[in-house]
Amino acid sequence: MSINFYSKFFPLIKKGVASVPFQLRPLSTRTDLFNVENKSEEYAIFRLNKPPVNSLNLEYLNLLNNQLDEFERNPKLKGIILTSDVKSTFSAGVDILEMYKCEPKRLEAVWRAVQDFWIKLYGSKKIYIAALNGHVLALGCAIAMSCDYRIMVDNDKTKIGITAVLLGINAPSWVKNTMINTIGFRETEKSLKFAKIYNPHQALKLGLIDEIVSSDKLLSRSEEVMKTWCKIPTLAREMTKESMRSETLGKLVNNREVDVQEFITSTMDPHLQDNLGKYLASLKKK
Numbered sequence: 016m017s018i019n020f021y022s023k024f025f026p027l028i029k030k031g032v033a034s035v036p037f038q039l040r041p042l043s044t045r046t047d048l049f050n051v052e053n054k055s056e057e058y059a060i061f062r063l064n065k066p067p068v069n070s071l072n073l074e075y076l077n078l079l080n081n082q083l084d085e086f087e088r089n090p091k092l093k094g095i096i097l098t099s100d101v102k103s104t105f106s107a108g109v110d111i112l113e114m115y116k117c118e119p120k121r122l123e124a125v126w127r128a129v130q131d132f133w134i135k136l137y138g139s140k141k142i143y144i145a146a147l148n149g150h151v152l153a154l155g156c157a158i159a160m161s162c163d164y165r166i167m168v169d170n171d172k173t174k175i176g177i178t179a180v181l182l183g184i185n186a187p188s189w190v191k192n193t194m195i196n197t198i199g200f201r202e203t204e205k206s207l208k209f210a211k212i213y214n215p216h217q218a219l220k221l222g223l224i225d226e227i228v229s230s231d232k233l234l235s236r237s238e239e240v241m242k243t244w245c246k247i248p249t250l251a252r253e254m255t256k257e258s259m260r261s262e263t264l265g266k267l268v269n270n271r272e273v274d275v276q277e278f279i280t281s282t283m284d285p286h287l288q289d290n291l292g293k294y295l296a297s298l299k300k301k
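Last residue of the sequence shown: number 301 in the working numbering, and the count goes up by one each step with no gaps.
Hints were generated in silico from the structure; no laboratory data involved.
Wrong hints could be hidden among the right ones.
Listed next, the in silico EDC-like pairs over lysine to aspartate or glutamate satisfying Cα-Cα at most 20 Å (straight line) [to be verified]:
1) Lys140 <-> Glu262
2) Lys141 <-> Glu85
3) Lys172 <-> Asp100
4) Lys102 <-> Glu52
5) Lys256 <-> Asp163
6) Lys141 <-> Asp131
7) Lys242 <-> Glu123
8) Lys141 <-> Glu74
9) Lys135 <-> Glu262
10) Lys116 <-> Asp289
11) Lys141 <-> Glu253
12) Lys141 <-> Asp163
13) Lys140 <-> Glu57
14) Lys120 <-> Asp274
15) Lys141 <-> Asp231
16) Lys266 <-> Glu123
17) Lys256 <-> Asp131
18) Lys140 <-> Asp100
19) Lys141 <-> Glu57
20) Lys102 <-> Asp171
21) Lys54 <-> Glu85
22) Lys120 <-> Glu272
23) Lys91 <-> Asp131
24) Lys140 <-> Glu87
25) Lys220 <-> Glu272
26) Lys135 <-> Glu202
Label pairs and their in silico Cβ distance ranges [unchecked claim]:
27) Cys245 <-> Asn269: 29 to 37 Å
28) Arg201 <-> Asp84: 45 to 53 Å
29) Glu204 <-> Met259: 18 to 26 Å
30) Thr280 <-> Asp231: 32 to 40 Å
31) Thr255 <-> Ala296: 24 to 32 Å
32) Lys293 <-> Glu262: 37 to 45 Å
33) Val51 <-> Ser258: 44 to 52 Å
34) Val273 <-> Glu204: 16 to 24 Å
35) Lys91 <-> Asp225: 19 to 27 Å
36) Asn269 <-> Arg121: 23 to 31 Å
37) Lys293 <-> Lys205: 36 to 44 Å
38) Glu56 <-> Glu123: 36 to 44 Å
39) Pro90 <-> Lys293: 32 to 40 Å
Just so it is clear, CB atoms sit at the ideal spot from N, CA and C, and this is done for glycine as well.
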């Protein structure tokens, strides 16, 4: 599929990439980039806030990883509702600018931070509920799938899916495995091969999300679900989650170096760099 096909279907990603100069990658203060609201001793709401699309560059990933560590250090905290303060977008995944004409050391640092984020989230003993307020694309979809429960706004214009292949990117094995665990092997194969994106009702039927609600009820419903989860005996819940996820988690934990090198090699491939260059050039013409 062509770069033009990719551009046609992902105006939010285009907007996010085009608006941030590659050389600068500006960041505000930590409180400007996300917000943590403690609703009770048992759970908190974690809101991403990096307009326009919550794209993940190295600096942002490091901040998010530090916050996940803080959650884990709180013994009274049982769960986190993960959502976004950015209108119509949960996350568009890794900042494409981190992959274009980037030095190997930077690529390595970015990918290790991505690995860290997934390992911390997927392997957490805490309850994570994804309150999906908007588009959930690329690594943003992997983040949502790593949560224990997913609730999405009822809006047919809102899409969820992993679109890496449209830029010539092979989704990493741990993303594939996470999706297989969510929707099954055959649906994952079709989804990744054809970069399929789904509206909320399609995603619900597929099992990619668990509920659909109106936008005005997204957080209230997420809190209702969280309170129900918090009533489950903690130790039993944690042990069950660990037993269900340990095999998938271990495949990355035990092969991190291989995964890093595969990412660097594939990203620096001239054909992929050419695709990224054409894509970025097309954005400047918009």
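| said: Taking the earlier hints as the rules, which of them does this structure contradict? | reply: Numbers 7, 8, 15, 18, 23, 25, 26, 28, 30, 31, 33, 37 and 39 - these are the hints that the structure violates, sorted from lowest upward.
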